[in-house]
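Undergrad: Listed below, chain by chain, are the residues.
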Amino acid sequence: QKEVEQDPGPLSVPEGAIVSLNCTYSNSAFQYFMWYRQYSRKGPELLMYTYSSGNKEDGRFTAQVDKSSKYISLFIRDSQPSDSATYLCAMGNYGGATNKLIFGTGTLLAVQP
Amino acid sequence: DTAVSQTPKYLVTQMGNDKSIKCEQNLGHDTMYWYKQDSKKFLKIMFSYNNKELIINETVPNRFSPKSPDKAHLNLHINSLELGDSAVYFCASSPRADTQYFGPGTRLTVL
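Respectively, the protein sequence lines represent chains E and G.
Just so you know, we're using the numbering used here here: the first sequence kicks off at 1096 and counts up by one.
Just so you know, we're using the numbering used here here: the second sequence kicks off at 525 and counts up by one.
It is worth saying that the hints were derived from the structure and are not from the lab.
There may be inaccurate statements among the hints.
Okay, the calculated beta carbon distance ranges per label pair [stated by the list, open to error]:
{"id": "1", "chain 1": "G", "residue 1": "552", "chain 2": "E", "residue 2": "1124", "range": "44 to 52 Å"}
{"id": "2", "chain 1": "G", "residue 1": "591", "chain 2": "E", "residue 2": "1149", "range": "39 to 47 Å"}
{"id": "3", "chain 1": "E", "residue 1": "1177", "chain 2": "G", "residue 2": "619", "range": "22 to 30 Å"}
{"id": "4", "chain 1": "E", "residue 1": "1177", "chain 2": "G", "residue 2": "579", "range": "31 to 39 Å"}
{"id": "5", "chain 1": "E", "residue 1": "1121", "chain 2": "G", "residue 2": "577", "range": "29 to 37 Å"}
{"id": "6", "chain 1": "G", "residue 1": "597", "chain 2": "E", "residue 2": "1110", "range": "38 to 46 Å"}
Keeping only pairs whose Cα atoms sit at most 25 Å apart, straight-line, the calculated SDA-like set for lysine to any residue is [said to hold, decoys possible]:
{"id": "7", "chain 1": "G", "residue 1": "568", "chain 2": "E", "residue 2": "1098"}
{"id": "8", "chain 1": "E", "residue 1": "1195", "chain 2": "G", "residue 2": "599"}
{"id": "9", "chain 1": "E", "residue 1": "1162", "chain 2": "E", "residue 2": "1115"}
Where a beta carbon is used, it is the ideal one built from N, C-alpha and C, also for glycine.
Please take these sequences and the hints and turn them into a complete structure.
TA: The structure is reproduced here in structure tokens:
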């Protein structure tokens, strides 16, 4: 079983829809959680990060973490064609010198105009 | 102002050759990383350096050798390239473990 599971999609939605992207994880030691957006042929770009259970909002984006269920989500409101990209969840824990991020496989999102 | 830059952007080479990829960051971060992203978009860490010192080596073949001449640079040298090395290689840097900033990637194709 992978440490982080993410549905690869593709997920196709009409413009203006609310998008929900999800990851589950197995390692209860994870302490921080992030979402990266990766456009085609570009590097991953940090979108949001959070450390605790609950919601964190930034503009049209909301990151949600449920540590008891080992489940994280990214919601995109009023989705735009420019949101079309691969979304990668990532997580890790503070373990001294060997801190590292574990990534999900990414969900490909297409927002249709 | 490019925060994390990599050269070259594309690299096409024959099996058995040796090649290098260079990475530079101007963010003043202490920690730098190399990641490999396969054709299914799975991003996996290969190496991590903190202040020029190797701190993570993720069971990568010995043919891969990172070198950090200073904390702003982390290069990756690959010997005896194999078909399975074809991938996109990303450099990243971070001020701390939880926020990593990625470069644009180097797309390596081994023929």
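Undergrad: Each hint needs a verdict: does it hold in this structure or not?
TA: Hints, verified against the model:
1. 552(G) x 1124(E): 44 to 52 Å: violated, 29 Å
2. 591(G) x 1149(E): 39 to 47 Å: Taking Cβ atoms as reference, residue 591(G) and residue 1149(E) lie about 42 Å apart, which means the hint holds.
3. 1177(E) x 619(G): 22 to 30 Å: holds, 28 Å
4. 1177(E) x 579(G): 31 to 39 Å: Given about 37 Å between the Cβ atoms, the range holds.
5. 1121(E) x 577(G): 29 to 37 Å: holds, 30 Å
6. 597(G) x 1110(E): 38 to 46 Å: Check passed, 43 Å falls within 38 to 46 Å.
7. 568(G) x 1098(E): holds, 12 Å
8. 1195(E) x 599(G): holds, 19 Å
9. 1162(E) x 1115(E): holds, 18 Å
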